[in-house]
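Just so you know, the sequences run in chain order A and B.
Residue numbering for the first sequence follows the UniProt record's numbering, starting at 1 and increasing by one per position.
Residue numbering for the second sequence follows the UniProt record's numbering, starting at 1 and increasing by one per position.
For the record, the hints were derived by calculation from the structure and aren't laboratory data.
Quick caveat, the model's predicted, so the values are computed rather than measured.
Each residue gets a CB set at the ideal place from its N, CA and C atoms; glycine is no exception.
Fair warning: there could be bad hints in the mix.
As the list claims (entries may be wrong) - Simulated coverage check for chain A against chain B, where a stretch passes if three residues somewhere in it have a Cβ under 8 angstroms from a Cβ of chain B: (1) 59-68; (2) 91-101.
Unchecked claim - Each pair of labels, with its calculated beta carbon distance range: (3) E20/B with V439/A: 30 to 36 angstroms; (4) D77/B with G75/A: 48 to 54 angstroms; (5) K228/A with K344/B: 44 to 50 angstroms.
Protein chains: 2
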Amino acid sequence: MADTVKSVAVQDIRFPTSLESDGSDAMNKAPDYSCPYVTITTESGLQGFGISFTVGRGNDIVCKAIELLSHLVVGRDINAILKDFASFWRSLTSEDQIRWLGPEKGVMHMAVAGIANAVWDLWARKENKPLWKLLVDMEPDQLVSTIDFRYITDALTKEEALDILKSMQTGKAKREQELAASGFPAYTTSCAWLGYSDEKIERLCKEAMAEGFTRFKMKVGSDLEDDKRRAKILRQTMGPDNLLMVDANQKWEVPEAIDWMKQLAQYKITWIEEPTSPDDVLGHAAISKALQPLGIGVATGEQCQNRVMFKQFLASGAMQFCQIDSCRLGGVSENLAVILMAKKFGVPVCPHGGGVGLCEYIQHLSVFDYISVSGSLDNRMTEYTAHLHEHFVSPAEMKNGCYVLPQTPGYSIEMKSSSLASYVWPTGQVWQKLIQDGVYKLN
Amino acid sequence: MADTVKSVAVQDIRFPTSLESDGSDAMNKAPDYSCPYVTITTESGLQGFGISFTVGRGNDIVCKAIELLSHLVVGRDINAILKDFASFWRSLTSEDQIRWLGPEKGVMHMAVAGIANAVWDLWARKENKPLWKLLVDMEPDQLVSTIDFRYITDALTKEEALDILKSMQTGKAKREQELAASGFPAYTTSCAWLGYSDEKIERLCKEAMAEGFTRFKMKVGSDLEDDKRRAKILRQTMGPDNLLMVDANQKWEVPEAIDWMKQLAQYKITWIEEPTSPDDVLGHAAISKALQPLGIGVATGEQCQNRVMFKQFLASGAMQFCQIDSCRLGGVSENLAVILMAKKFGVPVCPHGGGVGLCEYIQHLSVFDYISVSGSLDNRMTEYTAHLHEHFVSPAEMKNGCYVLPQTPGYSIEMKSSSLASYVWPTGQVWQKLIQDGVYKLN
Numbered sequence: 001m002a003d004t005v006k007s008v009a010v011q012d013i014r015f016p017t018s019l020e021s022d023g024s025d026a027m028n029k030a031p032d033y034s035c036p037y038v039t040i041t042t043e044s045g046l047q048g049f050g051i052s053f054t055v056g057r058g059n060d061i062v063c064k065a066i067e068l069l070s071h072l073v074v075g076r077d078i079n080a081i082l083k084d085f086a087s088f089w090r091s092l093t094s095e096d097q098i099r100w101l102g103p104e105k106g107v108m109h110m111a112v113a114g115i116a117n118a119v120w121d122l123w124a125r126k127e128n129k130p131l132w133k134l135l136v137d138m139e140p141d142q143l144v145s146t147i148d149f150r151y152i153t154d155a156l157t158k159e160e161a162l163d164i165l166k167s168m169q170t171g172k173a174k175r176e177q178e179l180a181a182s183g184f185p186a187y188t189t190s191c192a193w194l195g196y197s198d199e200k201i202e203r204l205c206k207e208a209m210a211e212g213f214t215r216f217k218m219k220v221g222s223d224l225e226d227d228k229r230r231a232k233i234l235r236q237t238m239g240p241d242n243l244l245m246v247d248a249n250q251k252w253e254v255p256e257a258i259d260w261m262k263q264l265a266q267y268k269i270t271w272i273e274e275p276t277s278p279d280d281v282l283g284h285a286a287i288s289k290a291l292q293p294l295g296i297g298v299a300t301g302e303q304c305q306n307r308v309m310f311k312q313f314l315a316s317g318a319m320q321f322c323q324i325d326s327c328r329l330g331g332v333s334e335n336l337a338v339i340l341m342a343k344k345f346g347v348p349v350c351p352h353g354g355g356v357g358l359c360e361y362i363q364h365l366s367v368f369d370y371i372s373v374s375g376s377l378d379n380r381m382t383e384y385t386a387h388l389h390e391h392f393v394s395p396a397e398m399k400n401g402c403y404v405l406p407q408t409p410g411y412s413i414e415m416k417s418s419s420l421a422s423y424v425w426p427t428g429q430v431w432q433k434l435i436q437d438g439v440y441k442l443n
Numbered sequence: 001m002a003d004t005v006k007s008v009a010v011q012d013i014r015f016p017t018s019l020e021s022d023g024s025d026a027m028n029k030a031p032d033y034s035c036p037y038v039t040i041t042t043e044s045g046l047q048g049f050g051i052s053f054t055v056g057r058g059n060d061i062v063c064k065a066i067e068l069l070s071h072l073v074v075g076r077d078i079n080a081i082l083k084d085f086a087s088f089w090r091s092l093t094s095e096d097q098i099r100w101l102g103p104e105k106g107v108m109h110m111a112v113a114g115i116a117n118a119v120w121d122l123w124a125r126k127e128n129k130p131l132w133k134l135l136v137d138m139e140p141d142q143l144v145s146t147i148d149f150r151y152i153t154d155a156l157t158k159e160e161a162l163d164i165l166k167s168m169q170t171g172k173a174k175r176e177q178e179l180a181a182s183g184f185p186a187y188t189t190s191c192a193w194l195g196y197s198d199e200k201i202e203r204l205c206k207e208a209m210a211e212g213f214t215r216f217k218m219k220v221g222s223d224l225e226d227d228k229r230r231a232k233i234l235r236q237t238m239g240p241d242n243l244l245m246v247d248a249n250q251k252w253e254v255p256e257a258i259d260w261m262k263q264l265a266q267y268k269i270t271w272i273e274e275p276t277s278p279d280d281v282l283g284h285a286a287i288s289k290a291l292q293p294l295g296i297g298v299a300t301g302e303q304c305q306n307r308v309m310f311k312q313f314l315a316s317g318a319m320q321f322c323q324i325d326s327c328r329l330g331g332v333s334e335n336l337a338v339i340l341m342a343k344k345f346g347v348p349v350c351p352h353g354g355g356v357g358l359c360e361y362i363q364h365l366s367v368f369d370y371i372s373v374s375g376s377l378d379n380r381m382t383e384y385t386a387h388l389h390e391h392f393v394s395p396a397e398m399k400n401g402c403y404v405l406p407q408t409p410g411y412s413i414e415m416k417s418s419s420l421a422s423y424v425w426p427t428g429q430v431w432q433k434l435i436q437d438g439v440y441k442l443n
């Protein structure tokens with residue numbers, strides 16, 4: 001029976017995180033974690049919630065882009081959408097005039113993510129399952145039918161994707177039980193933002209270890225001597241066996257990245273994340289090759305614009321850790337495409353978390369990856385940061401440094417109505433006070 | 001003496017070109033050529049005009065993005081901006097919150113182009129020269145100082161760029177005289193859009209030959225037998241020695257592109273343009289390799305998002321013709337970076353024209369390229385389409401299939417005030433009538 005989409009509403013939600021220097025790194029000095037918050041409602045009353053993610057100014061541009069796309073959703077039958085999700089998704093990415101603004105990248109693709117994620121949330125709620133469970137329980141045929149394979153068939157055909165999923169059917173129930181018992185391994189980025197003092201880094205690292213974390217990420221790239229000092233503090237605090245990753249947030253030129261990392265290798269670095277431009281596949285391949293003898297892998301992906309770029313990174317040995325992003329790629333189904341390509345090329349998926357809502361999202365993707373695709377926890381870990389979880393109805397939960405398997409139906413992104421009211425830009429109470437006090441101004 | 005930027009104004013200008021099926025191709029069925037039209041004004045009364053380019057819906061999103069960026073321009077001294085243009089440009093592309101929305105791609109980069117192009121127009125008017133002449137007369141040091149080399153130094157350093165420019169100083173005056181006498185060679189895309197009948201194609205091809213054109217481009221990719229029939233008509237009409245290029249506008253998968261072009265090779269094709277995703281460097285490299293024995297080159301660039309992507313295309317043999325775009329790259333200086341990289345890698349630059357205003361822009365870039373960088377016309381030709389030139393104060397002019405050297409000061413993009421009034425969306429008279437008549441509706 002048809003159930004028409006009645007409305008696609010979007011709110012501009014922002015948090016004044018720059019006041020705390022949470023999230024500061026070599027390229028993002030003062031982010032205000034923000035999201036366009038999408039609510040899709042059908043005639044029968046079904047709802048789905050979705051976000052995209054930005055770091056402040058320009059969040060309204062993504063909201064506008066979502067409004068521009070909404071005419072492609074409103075008035076359609078939600079059951080027809082779910083029956084052929086790949087075609088629905090392509091109608092969003094390939095509208096014949098709007099496509100010029102991308103294609104499939106930047107603002108417009110983030111807008112697609114906001115809408116697509118809301119449809120997936122609705123789908124999971126409709127089936128009364130958390131999103132990961134919806135995906136895990138889908139027949140391989142149906143799962144693959146949600147993916148648009150355009151531009152990736154030279155690396156992964158629909159048939160190869162099916163074969164991967166079918167070959168992993170055995171053992172799914174056991175892997176689900178394992179994760180239900182122990183959770184999915186995480187690492188924390190909350191100890192070592194660039195704006196933090198040495199004392200704060202040491203204290204936060206100790207606290208995180210007490211909570212069960214064994215994997216830590218540090219921001220680098222502004223000053224080499226400073227990076228060495230902070231890496232030394234972290235390595236001494238965490239001991240020799242725990243994992244240390246570093247993140248340059250695209251600060252370097254290709255040769256500079258290689259030179260800089262040679263200087264940090266002594267601290268036993270698992271990966272260097274975003275050493276240079278996120279668009280530079282061949283540059284990352286050169287860095288990977290140069291750092292391989294030092295045991296340092298290259299990680300990237302949080303600003304990798306779409307599956308076509310991931311295809312090239314994976315196929316050319318330009319990434320040793322694949323960091324999918326739930327809001328920069330066009331939502332769940334494009335992430336599924338990348339997860340399947342990563343499996344084919346033998347690269348572990350370690351999703352990008354942090355910001356607002358990203359941890360809530362990626363836990364579902366990692367759990368699906370383990371149960372249905374990779375079947376391995378080797379070199380797999382999902383980012384965790386401690387910020388802003390209090391605004392969600394069903395926030396991500398950690399136990400012993402692992403994500404606890406989400407149980408609530410949906411994609412875990414519904415926000416509390418009190419948070420929406422307080423943080424909607426620029427009329428929410430929190431923003432009105434900050435503007436009145438002269439701390440912020442209307443752009 | 002300081003001369004402060006007083007205002008950055010933007011207008012949403014759209015033309016109902018879809019009513020004529022001008023510009024129809026395999027991916028863009030019905031474009032309405034459009035542009036955000038930027039006017040920069042200083043306290044002393046200097047003005048500069050700039051556009052970005054879209055194909056209709058979403059033009060307002062780019063306008064909004066220009067408004068978002070305008071706070072980085074208003075209040076600054078225009079003379080300080082011109083003295084260190086590269087730093088000014090980076091302040092637009094790397095604003096620490098806004099950068100997340102790209103970086104340097106799609107909507108936000110098109111917005112940067114609109115602003116940067118307006119500043120370059122102002123600069124040329126201030127010097128009372130057409131833009132190409134401003135560039136040609138600049139000392140190599142100054143020219144190079146306008147370019148942001150971030151993320152391309154592994155392919156081209158500032159010093160290498162300087163060496164290229166210095167080595168080409170000899171003969172500049174002679175090359176300028178040559179172009180003043182004969183113009184810059186063009187090819188036409190106006191004969192063979194997908195929506196045109198066979199009779200119309202033949203008639204337009206004959207008319208273009210009578211005007212002096214010897215190079216023609218045809219749209220392909222929807223139906224192989226149809227493409228063969230149309231290529232045959234064109235090849236028969238133009239004769240065996242004139243050049244025929246074809247353009248698939250990203251329609252194909254990588255293996256599909258190779259198979260399809262093998263079928264068209266009999267019509268003696270100079271290049272296949274945009275065979276697949278504009279993001280797929282390695283895919284284009286595979287297609288280039290497969291088609292090389294057939295004498296078919298790969299051309300791409302009109303949707304190549306920035307200099308980092310061009311760097312990879314050029315360095316990896318993925319493009320044999322480099323199609324810079326004046327509005328998708330972030331304006332003149334990023335185009336200079338690509339022109340210089342193309343020189344280093346020995347790839348001819350054949351800019352993307354058409355739409356609205358693109359021909360007005362690219363003539364300047366091609367002329368500069370020949371006089372100051374490449375010094376060669378081999379395999380160089382600049383796209384020309386016949387649409388919408390009547391709206392410009394100093395439109396591009398053709399003579400014997402060549403662009404006539406522009407003489408008016410500036411970057412040739414100022415529009416007639418009557419055109420602005422008629423075509424501003426949605427309040428212009430033309431749009432009001434189309435909306436009243438039910439031909440168009442407000443989104």
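Do the hints match the structure? See the list:
A stretch counts as covered by a chain when three or more of its residues have a beta carbon under 8 angstroms from one of that chain; for the stretch 59-68 of chain A and chain B the count is 6, and the coverage holds. For the stretch 91-101 of chain A, the stated coverage by chain B is satisfied: 8 residues place a CB nearer than 8 angstroms to a CB of that chain, which reaches the threshold of 3. Distance hint for E20/B and V439/A: a CB-CB separation of about 53 angstroms, inconsistent with the stated range 30 to 36 angstroms. Judged by the Cβ atoms, the range 48 to 54 angstroms given for D77/B and G75/A holds: they are separated by roughly 51 angstroms.
At roughly 36 angstroms, the beta carbons of K228/A and K344/B sit outside the given window of 44 to 50 angstroms.
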